[in-house]
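> Listed below, chain by chain, are the residues.
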Amino acid sequence: AQKITQTQPGMFVQEKEAVTLDCTYDTSDQSYGLFWYKQPSSGEMIFLIYQGSYDEQNATEGRYSLNFQKARKSANLVISASQLGDSAMYFCAMREGGEYGGSQGNLIFGKGTKLSVKP
Amino acid sequence: GAGVSQSPRYKVAKRGQDVALRCDPISGHVSLFWYQQALGQGPEFLTYFQNEAQLDKSGLPSDRFFAERPEGSVSTLKIQRTQQEDSAVYLCASSLALGTGLGEQYFGPGTRLTVT
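If you're matching them up, the sequences are chains A and B in order.
First residue of the first sequence? That's 1 in this note's numbering, and the numbers climb one at a time after it.
First residue of the second sequence? That's 120 in this note's numbering, and the numbers climb one at a time after it.
Quick caveat, the hints were computed from the structure, so don't treat them as lab data.
There are no misleading hints in this set.
Ranges between beta-carbon positions, derived for each pair:
| id | chain 1 | residue 1 | chain 2 | residue 2 | range |
| --- | --- | --- | --- | --- | --- |
| 1 | B | ASP137 | A | GLY10 | 33 to 41 angstroms |
| 2 | A | GLN57 | B | GLU171 | 37 to 45 angstroms |
| 3 | B | LYS197 | A | THR7 | 30 to 38 angstroms |
| 4 | B | GLU171 | A | GLN14 | 46 to 54 angstroms |
| 5 | A | TYR64 | B | SER146 | 21 to 29 angstroms |
| 6 | B | LYS197 | A | ARG63 | 39 to 47 angstroms |
| 7 | B | VAL193 | A | GLU56 | 38 to 46 angstroms |
| 8 | A | ASP26 | B | VAL131 | 36 to 44 angstroms |
| 9 | B | ASP182 | A | GLN14 | 49 to 57 angstroms |
| 10 | A | LYS118 | B | ALA172 | 45 to 53 angstroms |
| 11 | B | GLN199 | A | GLN14 | 48 to 56 angstroms |
| 12 | B | ARG134 | A | GLU56 | 48 to 56 angstroms |
| 13 | A | LYS73 | B | VAL149 | 29 to 37 angstroms |
| 14 | B | VAL149 | A | ASP26 | 25 to 33 angstroms |
As the structure is a prediction and not an experimental result, all values here were calculated from the model.
Backbone N, C-alpha and C define an ideal beta-carbon position, used for all residues, glycine too.
Pulled out of the complex, with its shape left as it was, chain A reads as follows (with noise of 0.2 angstroms):
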C-alpha cells in the first residue's frame, strides 16, 4: 500500500535558521510526483514545492528546496533562513501514477510535522 511518514511530530527552530523535516514514502510506482503543503492555524493547505520521480536535480523554490533521495525513497524538506511566519504544519504528499498531472491526481498524504519557530 502506499504510504507517506512523517516521523517527526514536532521540530523547533530559531529564527534564522535552516530547519529539515523529514519525510520517507512507499510505493511500487516507477512514476510519482511528491509534494509538501503548509497548513498554518488558518487551516489552508498551501502548496510549497513539488519533486517529480524522474528529476534528477532537487527541487527548489525560494527558502524551500527539497532533498530527494530516490533510492533510500526520503524526500525531505529543507527551509532555509526561518522566518516567524514559516510556524505551521506540514505535510509531505505523494501523487501515483504519473509526474506530470497525467493521473487522476489524488494525494496521499502523511501525519504532519508541527514546525515552531522560536524568536
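Since the structure of chain A is already known, use the hints to place chain B on it.
Chain B only, in chain A's frame:
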C-alpha cells in the same frame, strides 16, 4: 484571482442531521477533490471529479456521504444522518486539466464540521 472557497467555514450539527458543504473551485479548474482531515491527521481522499463526472468515490467512508458537481464548477458534499465520527475538517481542492503542469492542487480553507 480568487482561490478555492468553501462554505460554511464552521458547521455544528446534531447527530442524525443532514449537512451540505459547498466548494467553489478556481475558475477553469477541471479537477476537483474532496478530502477529510481528522484532528491531528493528514487529509484523506474522499472523492474526485473531472468536470461534472465523478470518476472516483472510493474514499467515501459510507453511503451516507454523497458528492455532486452538476455543472462542472461548484461542488457539494452532503452527509446524511451525521454521526460523531464524521466530525472533521472537510477540504476541497482543485487543479488544472490532466496533463497540465505539475498537477498541484489548490486547497480551500476547509469546513470544520462538529457533530454533537
